[in-house]
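One letter stands for each residue in the lines below.
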Amino acid sequence: MLDFSLTEEQQQAAAMVREFGEKEILPTIKEYDRQQTMNPAALPRMAELGILGINIPVRYGGQGFDYVTLGLVCEELERIDTTLRVVMSVHMGLNSMGVLQWGGEEQKQRFLTPQARGEKYAAFGLTEPGAGSDVAGLRSTARKDGGDYIINGEKMWISLATKAHHVLWFAKTDPNAKPAHAGLTAFMVETDMRGVTTGDIHGKLGVRAGSTGWVNCQDVRVPAANRIGEEGEGFKIAMSCLDNGRYTVASGATGLTRACLEASVRYAKERETFGRPIADYQLIQQKIAWMQQWYDVSRLLYLQVGWLKNQGIRNTREVSMAKWYATDHSFKAAHEAIQVHGAYGFSDEYDVERYLRNGRGAIIYEGTSEIHQLMQAAYAFGERQDKPLRCELPAYDEAFWQG
Amino acid sequence: MKVVVCTKQTPSTTADLTVNPDGSVSWEDPGGKPNVVNPWDEYSIEEGIRLKENHGASDVIAITMGSEESQEALKTALAMGCTEAILLSDAAFAGVDTLGTAKVLAAAINKVEDVQIAIFGKSAIDGDTGQTAVQTACQLGWTPLTFVSAITAVGDGQITVERLLDDGKETVTAPLPVVISTVKEINEPRYPSFMGIRKASRATIPVWAAGDLSLNSVGSKVDWSKVYALPPREGSVEIIEGDSVQEKAAKLVAKLFEEKVI
Numbered sequence: 008m009l010d011f012s013l014t015e016e017q018q019q020a021a022a023m024v025r026e027f028g029e030k031e032i033l034p035t036i037k038e039y040d041r042q043q044t045m046n047p048a049a050l051p052r053m054a055e056l057g058i059l060g061i062n063i064p065v066r067y068g069g070q071g072f073d074y075v076t077l078g079l080v081c082e083e084l085e086r087i088d089t090t091l092r093v094v095m096s097v098h099m100g101l102n103s104m105g106v107l108q109w110g111g112e113e114q115k116q117r118f119l120t121p122q123a124r125g126e127k128y129a130a131f132g133l134t135e136p137g138a139g140s141d142v143a144g145l146r147s148t149a150r151k152d153g154g155d156y157i158i159n160g161e162k163m164w165i166s167l168a169t170k171a172h173h174v175l176w177f178a179k180t181d182p183n184a185k186p187a188h189a190g191l192t193a194f195m196v197e198t199d200m201r202g203v204t205t206g207d208i209h210g211k212l213g214v215r216a217g218s219t220g221w222v223n224c225q226d227v228r229v230p231a232a233n234r235i236g237e238e239g240e241g242f243k244i245a246m247s248c249l250d251n252g253r254y255t256v257a258s259g260a261t262g263l264t265r266a267c268l269e270a271s272v273r274y275a276k277e278r279e280t281f282g283r284p285i286a287d288y289q290l291i292q293q294k295i296a297w298m299q300q301w302y303d304v305s306r307l308l309y310l311q312v313g314w315l316k317n318q319g320i321r322n323t324r325e326v327s328m329a330k331w332y333a334t335d336h337s338f339k340a341a342h343e344a345i346q347v348h349g350a351y352g353f354s355d356e357y358d359v360e361r362y363l364r365n366g367r368g369a370i371i372y373e374g375t376s377e378i379h380q381l382m383q384a385a386y387a388f389g390e391r392q393d394k395p396l397r398c399e400l401p402a403y404d405e406a407f408w409q410g
Numbered sequence: 004m005k006v007v008v009c010t011k012q013t014p015s016t017t018a019d020l021t022v023n024p025d026g027s028v029s030w031e032d033p034g035g036k037p038n039v040v041n042p043w044d045e046y047s048i049e050e051g052i053r054l055k056e057n058h059g060a061s062d063v064i065a066i067t068m069g070s071e072e073s074q075e076a077l078k079t080a081l082a083m084g085c086t087e088a089i090l091l092s093d094a095a096f097a098g099v100d101t102l103g104t105a106k107v108l109a110a111a112i113n114k115v116e117d118v119q120i121a122i123f124g125k126s127a128i129d130g131d132t133g134q135t136a137v138q139t140a141c142q143l144g145w146t147p148l149t150f151v152s153a154i155t156a157v158g159d160g161q162i163t164v165e166r167l168l169d170d171g172k173e174t175v176t177a178p179l180p181v182v183i184s185t186v187k188e189i190n191e192p193r194y195p196s197f198m199g200i201r202k203a204s205r206a207t208i209p210v211w212a213a214g215d216l217s218l219n220s221v222g223s224k225v226d227w228s229k230v231y232a233l234p235p236r237e238g239s240v241e242i243i244e245g246d247s248v249q250e251k252a253a254k255l256v257a258k259l260f261e262e263k264v265i
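Protein sequences appear in the order of chains D and L.
The numbering of the first sequence is my numbering, which starts it at 8 and goes up by one.
The numbering of the second sequence is my numbering, which starts it at 4 and goes up by one.
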């Protein structure tokens, strides 16, 4: 059975998030973008409205919606501003869904539930100053000390670094492991633990109205109860978190492409040259057609991933494709949208220059486009197969989610 | 105490309206949602819900008269927090004037029973008559309180409200039951909640027809004999040139005198 329809619930949830973004974020976004600060109301309002727990089961403090709805919500958020979607990527995709997948029941109560309620904000600590794509090369360590671990290291380019209460932290528990990634372990570091310091990074090209920074652990004592999964499972956990984070990035980028398309259609009808609206000219029409194509393909790709997640089917290849395609094309869409707007598109009087700056980062984070191309080729050559995990992301089960 | 919120589905404020050659009117919305809850009713729905949250109302029932499609507006009301919704729909209701609408709404309010407050938005953005609330009050024999900007007290069989008028605010106390029309200053409407959206999408909304309301005749119907698009406004731009601000200003003033603008 092939069914492309969305349920009334999914559509209404997306409409509600759209209304929130348009009313409460859009009117002041340029101001915060220029100031390079986050709208202080953004996170608390997303928490209050339940957006931060949209697809987490009600029993764990969430709203009980499915994974497709998460994608729709991310599309709506990034149509307003990328920084809103980034919140969902780290808080939901990379952290909360990781706990849902790998956490024990006690950890779901202690970490996931306050996160889904929006009482605690969550971040993802994988990237380091010297380790991005080369995950196994990370230098952070976790040394066993009695019933605890002592964590040292620094994480860089961490979204919500100075806002988060919980950071899913990856460290080496076995520095001599062969292969190196088998020595990684995941921990939930609470940012009020002694020895944790954080800071913001400014001067970014895009996502200026967001929070990006660094987190440092200096001899931080973390109880074993905060270890997510087993020792040595860190790499697998990180990769499955990325399967979820990439879904939010792909669906968000689709929203950015939509924003470019909408802005371009609007402007092309308004702006006249040589006595006619520029919408009458075929080279403008071509750009609009491209944007529509990129939007349609991106949306189909991410919705397919949402469906796979709902079914409980592994989607590492599909989500990699969706993320690669949607982010590359959202940047292209912004580039074309600026061209449609001409000189005005080059100024921050219009939104499209912000779209271009915001779209650039997603081609780097959560797997660069180059990494995704290598992955796709490896799948095509039969060199890469996804082995079953000890803990798979649970399929969406309406009775369990809403019970 | 039950509260009834009388609402209506209207074209979206962002819809592009087209007058077709046959005189019919159609509309599309770039956001993909051509019909919405009448925007003024968002305030009345919110106030209805607040009467339950803050003043002990037992039920907040949203009522709409319209076609099957109007269920969408009722579902929005349910998603925001109304406890029930009822659709009043019958071929006999189609196209009736505001008095006819008021008769149907009054009959429905009577059928609900134990209603102490019926709330309307100040008008509907499509017809924009603003008459239905007062006419419904007249049909019910209840006190109409229009342009209400705050409900300050409800209890002991009476209600105290502030009315926002051209000359200022007026505080009025009236015995219950009453019909209220609200202005946008009364509150900040909430969004539908995710839980509310789920509840609304699963709700089966009862439909009451003329027979259910024991209505034999509703009233006169309104016929739009001719609908036409307004001619587009013509305008042009002229840039006043000059070497200095003073010269430009002097030229501008002369021009405005010449055109008899000032």
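Simulated from the structure, these hints should not be mistaken for laboratory data.
Owing to the predicted nature of the structure, the values given are computational and were not obtained by experimental measurement.
Note that beta-carbon positions come from the ideal geometry of N, C-alpha and C, so glycine has one too.
Keep in mind that a hint or two might mislead.
[Said to hold, decoys possible] On the chain L side, residues computed to face chain D include the following (Cβ under 7 Å): (1) Asn-190; (2) Tyr-194; (3) Arg-201.
[As the list claims (entries may be wrong)] With a straight-line Cα cutoff of 20 Å, these simulated EDC-like cross-link-like pairs (lysine to aspartate or glutamate) come out: (4) L/Lys-187 x D/Glu-26; (5) L/Lys-187 x D/Glu-31; (6) L/Lys-36 x D/Glu-15; (7) L/Lys-187 x L/Asp-170; (8) D/Lys-243 x D/Asp-393; (9) D/Lys-115 x D/Asp-393; (10) D/Lys-394 x D/Glu-237; (11) D/Lys-276 x L/Asp-19; (12) L/Lys-36 x D/Glu-26; (13) L/Lys-36 x D/Glu-197; (14) L/Lys-202 x D/Glu-31.
Here is how each hint holds up against the structure:
1. Asn-190: violated, 15 Å
2. Tyr-194: holds, 5 Å
3. Arg-201: Since the shortest Cβ distance to chain D is 6 Å, the answer is holds.
4. L/Lys-187 x D/Glu-26: holds, 18 Å
5. L/Lys-187 x D/Glu-31: With Cα atoms ~17 Å apart, L/Lys-187 and D/Glu-31 stay inside 20 Å; holds.
6. L/Lys-36 x D/Glu-15: Given pair L/Lys-36, D/Glu-15 holds - Cα atoms ~13 Å apart, limit 20 Å.
7. L/Lys-187 x L/Asp-170: Holds - the C-alpha atoms of L/Asp-170 and L/Lys-187 are around 17 Å apart, at most 20 Å.
8. D/Lys-243 x D/Asp-393: holds, 11 Å
9. D/Lys-115 x D/Asp-393: violated, 26 Å
10. D/Lys-394 x D/Glu-237: With a Cα-Cα distance of about 17 Å, the restraint between D/Lys-394 and D/Glu-237 holds, given a limit of 20 Å.
11. D/Lys-276 x L/Asp-19: holds, 14 Å
12. L/Lys-36 x D/Glu-26: It holds: about 12 Å lies between the C-alpha atoms, which stays within 20 Å.
13. L/Lys-36 x D/Glu-197: Given pair L/Lys-36, D/Glu-197 is violated - Cα atoms ~43 Å apart, limit 20 Å.
14. L/Lys-202 x D/Glu-31: With Cα atoms ~25 Å apart, L/Lys-202 and D/Glu-31 exceed 20 Å; violated.
When the structure is compared with the earlier hints, violations turn up for hints 1, 9, 13, 14 and for no others.
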